[in-house]
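Peer 1: With these hints in hand, go ahead and build the complete structure from the sequences.
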Amino acid sequence: MKIPEYQAKEMFADYGIPVPPQQLAVTPDAVYEAARKFGGTVAVKAQVHVGGRGKAGGIKVVPNADEARAAGERILGMDIKGIPVKKVIVVESAAEIVKEAYLGVILDRGVKGISFICSAEGGVDIEEVAAKTPEKILTFHTLSREFPEEEARTFAGQLFNDDATEQSVLNVMRGLFRLLIEKDCSLAEINPLVLNDRGEVVALDGKINFDDNALFRLPDIEALRDMDEEDVNEIEAKEKGLSFIQLDGDIGCMVNGAGLAMATMDMIKFFGGEPANFLDVGGSSSPDKVIHAFKLLMGNAKVKAILVNIFGGITRCDDIAKGILESYKQIDITLPIVIRLSGTNAEEGMAMLEGTPLITAESFEAAVKKAIALSKGEAA
Amino acid sequence: MSILVDKDTRLIVQGITGRDGSFHTKQMLAYGTQVVGGVTPGKGGQTTEDGLPVFNSVQEAVDATSANATVIYVPAQFAAAAVTEAAAAKIPLIVCITEGIPVLDMVEVYHAVQGAGCRLIGPNCPGVISPDKAKVGIMPGQIHKPGRVGVISRSGTLTYEIVNSLTERGIGQSTCIGVGGDPIVGSGFRDLLPLFEEDDETDAVVLIGEIGGDEEERTAEYIGEHLSKPVFAYVVGQTAPEGKRMGHAGAIVSGGAGTAASKIKAFSAVGVPVARTIDELADAVAEKFKA
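Each protein sequence line maps, in turn, to chains R and X. Position one of the first sequence corresponds to residue 0 (numbering that gives the first Met the number 0), numbered consecutively onward. Position one of the second sequence corresponds to residue 0 (numbering that gives the first Met the number 0), numbered consecutively onward.
Rather than coming from a laboratory, the hints here were simulated on the basis of the structure. Bear in mind the structure is a predicted one, so any value in this text is a computation, not a measurement. Here a beta-carbon is modelled for each residue, glycine too, at the ideal position from N, C-alpha and C. Fair warning: there could be bad hints in the mix.
[To be verified] Here are the simulated PhoX-like cross-link-like pairs (lysine-lysine), alpha carbons at most 20 angstroms apart as the crow flies:
no.	chain 1	residue 1	chain 2	residue 2
1	R	Lys237	X	Lys243
2	X	Lys243	R	Lys1
3	X	Lys228	R	Lys206
4	R	Lys237	R	Lys288
[Said to hold, decoys possible] Partner residues aside, some chain X positions facing chain R, computed with beta carbon under 10 angstroms:
no.	residue
5	Met138
6	Val234
7	Gly236
8	Ala239
9	His247
[What the hints assert, rightly or not] Each pair of labels, with its calculated beta carbon distance range:
no.	chain 1	residue 1	chain 2	residue 2	range
10	R	Val231	X	Gly31	43 to 53 angstroms
11	X	Asp213	R	Met77	33 to 43 angstroms
12	R	Gly271	X	Ala63	58 to 68 angstroms
13	R	Thr138	X	Pro272	32 to 42 angstroms
14	R	Leu142	X	Gly50	54 to 64 angstroms
15	X	Asp282	R	Thr333	35 to 45 angstroms
16	X	Asp282	R	Gly271	19 to 29 angstroms
Peer 2: So, in structure tokens, the structure goes:
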């Protein structure tokens, strides 16, 4: 789960990390009021989860409240990568930036620990820095929940190449680490962390991602979930025990198992089709889940054919066929459906589907090819 | 031989009285696995429907049954503690089926298991099976066939699909391992390949990878330098969008890293053939062993 910048910075502040004063606004008038209150130069920043806000024109630095209102008018209501901007923050920006750096802490699957990532180059895409000039990135890690005090001290002074900032940077590192530990973040980054002309070290922008597996013990974080920002279908699917990701193609997929679901998407692409989604219905044959899955697929206007690919393991294919027939009775399915059952009791399952409008296929490949043909308006 | 589990495996089940634990205990017993008992805190002293003793703690279970392996079916909130408890009791093989353990907890668990000198498979995995010898996990036993090909996979159902394709072509398996779909798992391809390399009854290994992390890349490097047995690979997630978790918590492309293309390139660079479809994979293995 992700949260927008303003919430990330509120959390930074909770953990003792200095952030510039900011005010959330949803109307140009509110932007004006906030800018007037701060006085002088302010930044007006769109609050959406996608990257590249600056390039899209979603961030404007303006000298006074009147221009702030104008910036607010432009930004509120614009689309950034297809997402409408409904909120902005107004950030007090009087201090001059002397240096910009990057500081991030991640749950690092590579080292199986918690890694700090530091770079004296901030405000830019850290992945780009890592790819082009890896020597500009310094990392250190710990394998426990203890803050790695010694390494942190070594690196803190280097970030701005300025010993006077060592204590401030160290404090930011401690705060960021405690935030990751206490709130189960998979990523907490400050980009840029700036040194200003007042000698202060301040988090100007930041990003926090939370480990979805830990949300059960973080009710305060779950409460921050912004339904405006999430794909409603993906959230609904999750509530029903389905794992669903929307894609751009026209072949709706329903598969049991995440790996097989990915393989199904890849196979569709390999044989010249376009998958419309990733959908893992899990191991259950419950008609409820299958019905909801069909509804999800049919709700996508782009979908022209549906491919059901099931490998029965412990779950028997005849049970799955029963679930599918049941849902077929309960909802009006207007699209062609290709179904392939394999594994435990596959023959019994396939026999049950005979005489129904469902198009059966003997193998994974045959099913994929039939679905592609149907998606192109050809005969299966 | 086979690796990790066989006829000498003496298994306990953590969470044996739960819905999943009790169901799969029956399945494992039916397959012929030597299940010697189970653990459910607070239910020690009871006997299961299958006549197995239930203990309050892993240590008690080990003391009473001389178990040398454990399989964990407890809910996510308690699973990290269950693995740690098994490691503290020094059980050599710990298989954790549970999905949804917080990653931060796994950081601690991983190092606790390493420190205790145990081997952890999972979490979020189907388990381990050595066909006709022992099944430790949730995979359907009947699709497997004893033979000389090792299988290591990050997936569940996809592994069954591929194992089934191998079996249909007459290719049996020495041991099949699902390493788990989480970002941090106890053992990866890189950890398990040496066991297959040393196993007299394994002639080749099938690796089933997916997007996320760099396990496949690191493994390719190892194969290039150390492995003498042929390896066949398959990698899924080429069509996965960036930044989305594809079902498995660990299956995510982030910041341009962990892509299927990068993994395929790494395998190809060390001469490991990467199949484009499941049939192509199974055919390639069958071709190799036809003679």
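Peer 1: Hint numbers the structure violates, sorted upward?
Peer 2: Of the numbered hints given earlier, those the structure breaks are 3, 14, listed in rising order.
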